[in-house]
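Engineer: If you want the building blocks of each chain, they are given just below.
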Amino acid sequence: MAAPDELFCWEGDWGLPSVSTDCLVVLVRVRSASLRRKKSSKTSHALLLPMVSPGSLPALRTNQNETLSRPSDIIIHLRKQKFNADFDLSAKEGADSLAFISLLEEKLMPALIYTFWVEPKNFVEVTRRWYAEHMMFPLNFFLPGRMQSRQLEKLRLLRGDEHLEAGEELEKELYRDAAECMNLLSQRLGSHKFFFGDSPSSLDAYVFGHLAPILKCKLPNGKLQQHLKSLDNLSDFCSNILLLYFPRDEEERNLAGDFDNVPNKRRKQFLSALFALGAMLSYALLTGMVSIQHGHQEALEEPPDPEHIGAHEEEGDG
Amino acid sequence: MFVLSVGKIPFIHVGNQVVSELGPIVQFTKAKGHSLSDSLDDVQRAEMKAYMELVYNMLLTSELFVQWCDDATAGEISRPRYSSPYSWPLGNILAYQKQWEVRRKMNAIGWGGKTLEQVYEDVNQCCQALSQRLGTQPYFFNKQATELDALVFGHLFTILTTRLTSTELAERVKSYSNLLSFCRRIEQTYFEDKKLMKD
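Listed in order, the protein sequences are those of chains A and B.
One point on numbering: in my numbering, the residue at position 55 of the first sequence is 55, and numbering is uninterrupted.
One point on numbering: in my numbering, the residue at position 186 of the second sequence is 186, and numbering is uninterrupted.
No lab work stands behind these hints, which were simulated from the structure alone.
These figures come from a predicted structure and were not determined experimentally.
Think of the CB as a built atom: it goes at the ideal place given N, C-alpha and C, for glycine as much as any other residue.
Hints should not be assumed to be uniformly reliable.
Said to hold, decoys possible - Chain B residues, not near chain A, derived (Cβ > 12 Å throughout):
| # | residue |
| --- | --- |
| 1 | I77 |
| 2 | R79 |
| 3 | Y86 |
| 4 | W88 |
| 5 | L90 |
| 6 | A108 |
| 7 | Y120 |
| 8 | Q132 |
| 9 | K143 |
| 10 | G154 |
| 11 | T158 |
| 12 | T162 |
| 13 | S175 |
Said to hold, decoys possible - Here are some of the chain A residues that sit facing chain B, going by a computed Cβ distance under 7 Å:
| # | residue |
| --- | --- |
| 14 | L89 |
| 15 | K92 |
| 16 | L184 |
In isolation and in its complexed conformation, chain A is listed as follows (with noise of 0.2 Å):
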């Protein structure tokens, strides 16, 4: 059997097994569908940043050594690998499921671009700090803030408005929407546990990787995580996936402990120390503060003061 395929996420937070939708998407994707096949998944969740492309998670690189980093792609693969989760549905169940997820990236996902990306307060609170807390120097200097403009970038592509700013017309605009797609998603779910049948379907991945982040992240706007809480059903839904599909996420993370989700740091952070140990040493070198010949070293050590000199045969005697 080839080595198995590794799945790329950004870590978790906040209760979650990461903070990022697409993430949350394909995880669920593959948990849901590996425990239908009751073995363990083939995949295993390495929660680290690759240097190869930080800020394109998540990312899988296959056993041939291919690297994809679209969630449709990731998805396409593992359907190929038999991880499918909507073996079960009818035919007019798999067209309201894609019917739902247009939806949901119609008039959810901008909603969630602008309140983590471009709402001045969230996104320097708490997206920027979490991002540049999450990631080596010296990229949490630059890459949050690139991050940023891509998004607002994506939003302004999407809304069709090249001069799109954060204001509170574009706000309450994108709330509304998000709003009316949560009642929608409500109405639809009704009193049951996942959207079609007993088992979740990708329609379920999609929903939760969008409305898990609004729902845990605490925000210092918050309008959407409050629209959120008074759909009962729908955070019902969100713990009801996090308890099935994500149960011992916090005793993992305890127990990971010293690796602290990043490979070879030990090596890594010799090796930084030893980079700013040698710049060090070459500034002193270079401007003559420190010499390594002998020569030089006494007569660094001899005082300009003459009257010194005197005392200190002196004692060489003495």
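With the hints as your guide, set chain B onto chain A.
Structural biologist: Positioned in the frame of chain A, the structure of chain B alone reads:
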């Protein structure tokens, strides 16, 4: 009368007001007391909105992709057509600008790396979903036409009648017989006097 619309089409002109784009037009007509989806219950309305988003998301995006991101189609048909109302070189510049804009949008939503085949497959999936939903009913929500019917008709009609470099897109739609008869039925019912569709 020459209407220089800085906004978006379609638009309707009612008295002094101009309302553009499908969503707001629907809301506007609803406020004026004409609504097509009043008889639907909540779950059905949720489904209708979802299917409308599906059409926007997949059909509209695929149409844009085929028109502007496929070099052959863009060069032979879309750019000349877009630049025709203007004189040279303004027309050319605007056409290239439009193309560049559409390509940027495709990249932003993750369609940038798709091939034409994949897009045709997406259209196929979308039509399959619509066909499933329509089934053997006359309209999507049984006996009455709703906004969804209007939207689907508009898009499918466009795909079936627009001349492109290849007829594959139209062929995919035609392979769903209930969708084809749906389009014919709507055309006959609502556009009787003008023969818009040729066989």
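Engineer: So which of the earlier hints does this model not fit?
Structural biologist: 6, 8, 14
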